[in-house]
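Protein chains in written order, with the numbering used here: chain A, 1 to 352; chain B, 1001 to 1345.
Hints in this document: simulated from the structure, not taken from any laboratory. One should not assume that every hint holds.
Covered by chain A, according to a simulated footprint, are these stretches of chain B (three or more residues, beta-carbon under 8 Å) [what the hints assert, rightly or not]:
| # | segment |
| --- | --- |
| 1 | 1099-1109 |
| 2 | 1124-1138 |
| 3 | 1152-1165 |
| 4 | 1313-1325 |
Every residue gets a Cβ at the ideal spot worked out from N, C-alpha and C, and that includes glycine.
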Amino acid sequence: MARPLTYSQALNEALALALERDPAVYLMGLGVPDPKGIFGTTLGLAQRFGAARVFDMPCSENAMTGVAIGSALAGLRPVMTHQRIDFALLAVEQIVNQAAKWHYMFGGRMRVPLVIRMLIGRGWGQGPQHAQCLHAWFAHVPGLKVVLPATPSDAKGLLLASVADNNPIVFLEHRWLHNVSGDVPEGYYTVPLGRARVARPGKDVTLVATSYMTLEALRAAELLAPLAIEAEVIDLRTISPLDTATIVQSVRRTGRLVVADLGTRSFGIGGEIVARVAETDPTLLKSPPARVSPPDLPTPTSPVLANLYYPRAIHLVAAVRRQLGLPTDPADLTPAPTARLDVPDPSFAGPF
Amino acid sequence: MNLTMSESEPALLLRLYRELVRLRVVEERIAELYPEQDMRCPVHLSIGQEAVPVGVCAHLGPADYALSGHRSHGHYLAKGGDLRAMLAEIYGRATGCSRGKGGSMHLVDLEAGFLGATPIVGSTIPIAVGAALGAAMRGEPRLSVAFFGEGATEEGVFHESLNFATLKRLPVLFVCENNLYSVYSPLEVRQPPGRSVRDLAAGHGLATASGDGNDVLAVYRLAGEAIARIRRGEGPALLEFATYRWREHCGPNYDNQLGYRTEAEFRQWQARCPLSRARAALEAAGVSAAELEAAELAPRAEVDAAVAYAKASPYPNAADLASDLYAAAAPAPNPELPPHSWPAP
Chain A
1 MARPLTYSQA LNEALALALE RDPAVYLMGL GVPDPKGIFG TTLGLAQRFG AARVFDMPCS
61 ENAMTGVAIG SALAGLRPVM THQRIDFALL AVEQIVNQAA KWHYMFGGRM RVPLVIRMLI
121 GRGWGQGPQH AQCLHAWFAH VPGLKVVLPA TPSDAKGLLL ASVADNNPIV FLEHRWLHNV
181 SGDVPEGYYT VPLGRARVAR PGKDVTLVAT SYMTLEALRA AELLAPLAIE AEVIDLRTIS
241 PLDTATIVQS VRRTGRLVVA DLGTRSFGIG GEIVARVAET DPTLLKSPPA RVSPPDLPTP
301 TSPVLANLYY PRAIHLVAAV RRQLGLPTDP ADLTPAPTAR LDVPDPSFAG PF
Chain B
1001 MNLTMSESEP ALLLRLYREL VRLRVVEERI AELYPEQDMR CPVHLSIGQE AVPVGVCAHL
1061 GPADYALSGH RSHGHYLAKG GDLRAMLAEI YGRATGCSRG KGGSMHLVDL EAGFLGATPI
1121 VGSTIPIAVG AALGAAMRGE PRLSVAFFGE GATEEGVFHE SLNFATLKRL PVLFVCENNL
1181 YSVYSPLEVR QPPGRSVRDL AAGHGLATAS GDGNDVLAVY RLAGEAIARI RRGEGPALLE
1241 FATYRWREHC GPNYDNQLGY RTEAEFRQWQ ARCPLSRARA ALEAAGVSAA ELEAAELAPR
1301 AEVDAAVAYA KASPYPNAAD LASDLYAAAA PAPNPELPPH SWPAP
C-alpha cells in the first residue's frame, strides 16, 4: 500500500528499514542524531536503534570517510551524511583515491559498501559555499556510483538499493526536495541503480533532468502542453551508471533534446548526454540540443542575483521554443528584482 | 611469527633476526633485479628500517589488521603477507596479490590480515581506525595497526584519526617510523624543533612511547607493552621509532650524491644497522657462527623461488582491464577475512 510521504519522511523510513534488516548498517555524520535530524531524515533513529549504530562525528570529514571505508572492509555497511556537499569536499581524497578505487586496485579482493549522502541545492542565500551541485565531479570518477532521486518513492527505493549495493555510492539530495510529497509504497523495496524513469511521456521533445530539475522539467511540460507541444520528461535518477538507452530511445522518437541540471554548465551532465546521443547517431537530432543549467559562476547570495543564476521551467520552455523556431522574449526570462524565488514553498523560511 | 616472553632472550632475538634477514634479502634482491626494467612500477625500499615491522608484527596474529603506505614491503611481509604474491604484483602479473592492478604501492593479503597499503601519505591511517571500529562494533577482539612515516603526521587526517580513535577508545596501534626525510625534504623544514610525533599523539590523549627503531628488541618490547594495553581495552596507542632509510626514496639506488643529506649522517645510521646490531647481540649471547650463517642463508631459497614464480607467471589478459571496477551484489561481509581469534598466548 502506498501512502503520501514527504521525501524526507521517505528517506527516514528507508534508513529505519536498512538498520532493521541488517545489523551491519550504521549511520554517522555531523548532526545525524541532533534535534533537527538532517532535515528530518534521521529523526528518531538514534532513539530506536541506539547510539552505537546512529551517531554524530567530529568535524573530520576526511578521516571519518576513511573510518567508514575501514569499517566497510571489516564487514560493516556505513551510511555517512554531509549536510552540504561543500563539506564533503574535505573528504574528496578518501572518496576519490581510496573508496572509489579500493575494489579495483586490490584486484577485486575487497569491497567498500559505503553510502555517502550529500545535500545539494539552493535557497535562502546559501551562497557560494553552501549550495554547490558538484555531482558531475563524482560521476567522473570510475568506481563511484552517483544517485540523485527526485521523488519520495525513488528516494526510499534508491536509498535502500544503495545501502544494499557493495560499492561506494554518492547519494545526493536536493534541499528543495525534502518537503515534496508523493505516494510511497510501504515496506522494503529497491529501485535499481542505473535506470532512468520516464516521468511524463511525450513525442515532440525530450527533456532530460536530474534531481530537483525534474520538477522544473515537469512544470515546463505543463507549460508546453497548451502550445500542443508534448514534452517527454526523463528523470535520470542515477548519473553513474548512466542509462543511455532510455535517453536515446526517447530522442529517437522526439528528435529534440534539452538537458536540465543544476551543475554549472561546462563539463557537466548536459555535455555528457549530448555527446552520448551524438555518438550513438548524429542524425537523431532535428535541431541543436540545449543545456539548461546555471552559468559558469559561483552561486551568489543576494536573492536578486540568485534569481538570475538559477534556471527554472521557463528556461526549459524557452529552449524548446528556440528548437521549434518559435519566438522567445528574453524579458520573459528575467525575473522582477522583487520576485521571491529563493524558496520552494512558504514552509521553507529563514534563518534556515 | 608469534613470540612469547617465556622464550629465552637469545631464542627470541634469533627468531626476530631471521625475519630481519628475510626482509633485507627480499629487498636487496628487488634492488638487484630492478635494473632489468621488468618491475615496471615504483619501488620504495625499507632497507635499514626492518626492525620496526619485525618487532611490531611479532605480537600480531592473522586476525589482527594492518595497513601501510608507499613503503610497505616490510609491513606486508612481517605481517605474514605472501612473498610470491608480492613479487608477482611488483612484476605486474595476474598472480600478484592485487592481480596486477596495484603494484608495489598497493599490497594486500587478507589471509594475513594485511588489509592494504596505498601511497597517499597518511591516507590509510583513518582506514586502520575504521577497521578497528568495525571490529569493535562486531564484537571481534581484533587489533588494528597503522604504519606510517613522520611525514604523515603533518597531514590533517593523522590528527583527525587520532582524535576519533581516542574518542571511541578504539583498539588501534599507530606506528610512526620517523626516518627524518620526506623524499628529499628534511624534518627540520617540515616540523618545528623540540616537538616530537609522540608529543603530538600525547596531546590527542593517546598512550605513547618512543624508542630506537633500529633495535629490534627495543621495538619488540615497546610494541608488546602497547599492544597488551590496547588488548586490555585501554584505548589506542602511538609508538614513534627513530630509523633511517638507506636507499633513495623511490628506486633501488643510493642517492647521497644528491646532497640532500650528508654522507657522514648516512654512515652514522648505517653503523646502527638493525641486522648487525641483532647479530652482535646474538654473538655475545653465544649463538654460534654456524647458526647465524644458517639464518642468513635460509631466506635465499625462498626468495629465489618467489622471483622465479613471479617471472614465470602470466600477465593479466585484456579482459582484466575492465574487471573489478564494481563489486558484485554479493552479501557482505568479506568472506576472505579470517575468522577472528586471539594470537596464541
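Cross-check of the supplied hints:
Taking a C-beta to C-beta cut-off of 8 Å, the segment 1099-1109 of chain B contributes 6 residues in contact with chain A, enough for the three needed, and the coverage statement holds. Taking a C-beta to C-beta cut-off of 8 Å, the segment 1124-1138 of chain B contributes 14 residues in contact with chain A, enough for the three needed, and the coverage statement holds. Judged by the Cβ-Cβ criterion of 8 Å, the segment 1152-1165 of chain B is covered by chain A as claimed, because 6 of its residues qualify and three suffice. Judged by the Cβ-Cβ criterion of 8 Å, the segment 1313-1325 of chain B is covered by chain A as claimed, because 3 of its residues qualify and three suffice.
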